[in-house]
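Q: Listed below, chain by chain, are the residues.
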Amino acid sequence: MEVRTEGRRAVVTGPTRLNMTAAPQMREMLAKAVADGSPQIVVDLGKTTFVDSSGLGALVGGLKAARQAGGDLRLAQVGDQVLQVLTLTSLNRVLRPFPTVEDASREW
Amino acid sequence: MSGDYTLEGLSVPESLDRLHDLLQQVAEEHPAVAPTDIMLFETAVIEIAGNVVEHGRPHGTVAWSFNLAVLPERLAAVLSDDGQEYALEEEQLADGRWAMPEDAFAEGGRGLALASVALDELDYSRSGGINSWTMVRHRREDSATG
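Line by line, the protein sequences give chains A and B.
Everything in the first sequence is counted per my numbering, starting at 1 for the first residue and increasing by one.
Everything in the second sequence is counted per my numbering, starting at 1001 for the first residue and increasing by one.
Extracted from the complex, chain B is given alone in its bound form:
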C-alpha cells in the first residue's frame, strides 16, 4: 500500500514512540480530520504495534513497516512485519471483531478487542512470510476550520 506517511523500524518498545509522534504529525498536517478520529486510530495503531513488539519473534529483531493514507472518507493504514505467523482463533476473526475479556478484572487480553472497536475494519493476513494488519477508520466529521 502506498500511503502519505511511511515509517519503518524494529519491533522494540521505543518504536511505539515513533508511531505516536507520526500520528501527532498527521493531526497537525490534517486539521480537517476530527480529533476523535485521529485519537481512536492512534489507539488502534499502538495496540497492533504493541502486539508485534510483545509477540513478534525473535524478540526485538522483527522488522516492521507502517504506511498510512489520509483519505477524504477514511484513515487507512497497513502495518507489516516479518515475524512468525500469529495464532488467531477463527471464531474471533469470523465477524472481524475481537471480544473483550468477560472478566472485568482481567489484566490482559484487551489489545485486539480495543483496536477492533476503535476501527471500522481490522484485518490480518499472512503472505510470503509477512504479517499484514490493515486498519481502517471512516472519518466521522470535519472540524469547522477544515
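Just chain A, with the same shape it has in the complex:
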C-alpha cells in the first residue's frame, strides 16, 4: 500500500487483499491524506483481488472524511470480486468505480 499526493489530490494504491489485516492501514492512510490537505482521493485497486466488509468500512470511512474536507473518494481499476461486493452491498452508489486513475481524477 502506498500513497502519492499532489496538492489537494492523492492516489492510494490498494493491497492485494483488502481484508481485516490490511483495512486498519488503509483507514490510517486515507485519514492522513485528508488531514494533510489532500481530500481528493483516488484509491487504485488495480492490484486488489479481494475486499471484505472491513475493507469496505475503511473505504467508507475515507469517503466520509474526504467529503467533510470538501473532497471525495473514488475507486479506480476495480476488479471482478470488488465490483461484485460493491454491487451486493449497494455501495457502488456512493463509492464510484472508474476504469482508470486518470478517469477518476477528472472533474472534481
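Honestly, the hints are just simulated from the structure, not real lab data.
These figures come from a predicted structure and were not determined experimentally.
Warning: the hint list may mix true and false statements.
What the hints assert, rightly or not - Coverage of chain A stretches by chain B, computed from C-beta distances (three or more under 8 Å per stretch; other residues unrestricted): (1) 29-43; (2) 47-55; (3) 61-69.
We treat Cβ as the ideally placed atom computed from N, Cα and C, and that holds for glycine.
Since chain A is already given, all that's left is putting chain B on it; use the hints.
A: Same frame as chain A, but now just chain B:
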C-alpha cells in the same frame, strides 16, 4: 462434516490468508467450478472467519476448523469454533438472511449480510460449546473446459 478440504487453526488475522490460499487451491483443482461461484463463496468464508477472529473470545485463542466439499451441484462448507456463543438477533435469523445497514455511510455491520447474499444457505448453530456456521452456494454454471 467430511469434506474434500480441511483446515484448522487459531482465530488470528493470519489465518484468513490460509483460507484465501485454500480457496485458490480449490479453484485450481476444480476448473469446472465457475469463477464467480468460487469468488462469492470465498467472500462469504472470509466474512464468517473474520467474524470469528474479531468477536471470538478469548481473543486469538479460539480454535477453529474448516471443512469444504466441492459437490456436483454445490459448494458446501462448515466453519466451527470453540469460542463463546454468538448473540444473534432472532429477527435476522428468521428468513436466513441478514440485512445490510440502512445507512449507506455505515462503516460496519455488512459482514454477515454480505456473506448471506453471496450464499444460498447460511446457518448458525451452537452445540456442545461449539459454534458451527454452515455455508452453501449452489453452482450456477460450468466452464466450457469443465
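Q: Against this structure, judge whether each hint is valid.
A: Against the structure, the hints come out as follows:
1. Chain B is given as covering the stretch 29-43 of chain A, and this is violated because 0 residues of the stretch bring a CB closer than 8 Å to a CB of that chain, at least three being needed.
2. With a cut-off of 8 Å between beta carbons, the stretch 47-55 of chain A has 4 residues touching chain B; three or more are needed, and the interface restraint holds.
3. Proximity of the stretch 61-69 of chain A to chain B, defined as three or more residues with a beta carbon under 8 Å from a beta carbon of that chain, is established by the 3 residues found.
Of the hints listed earlier, the one the structure fails to meet is number 1.
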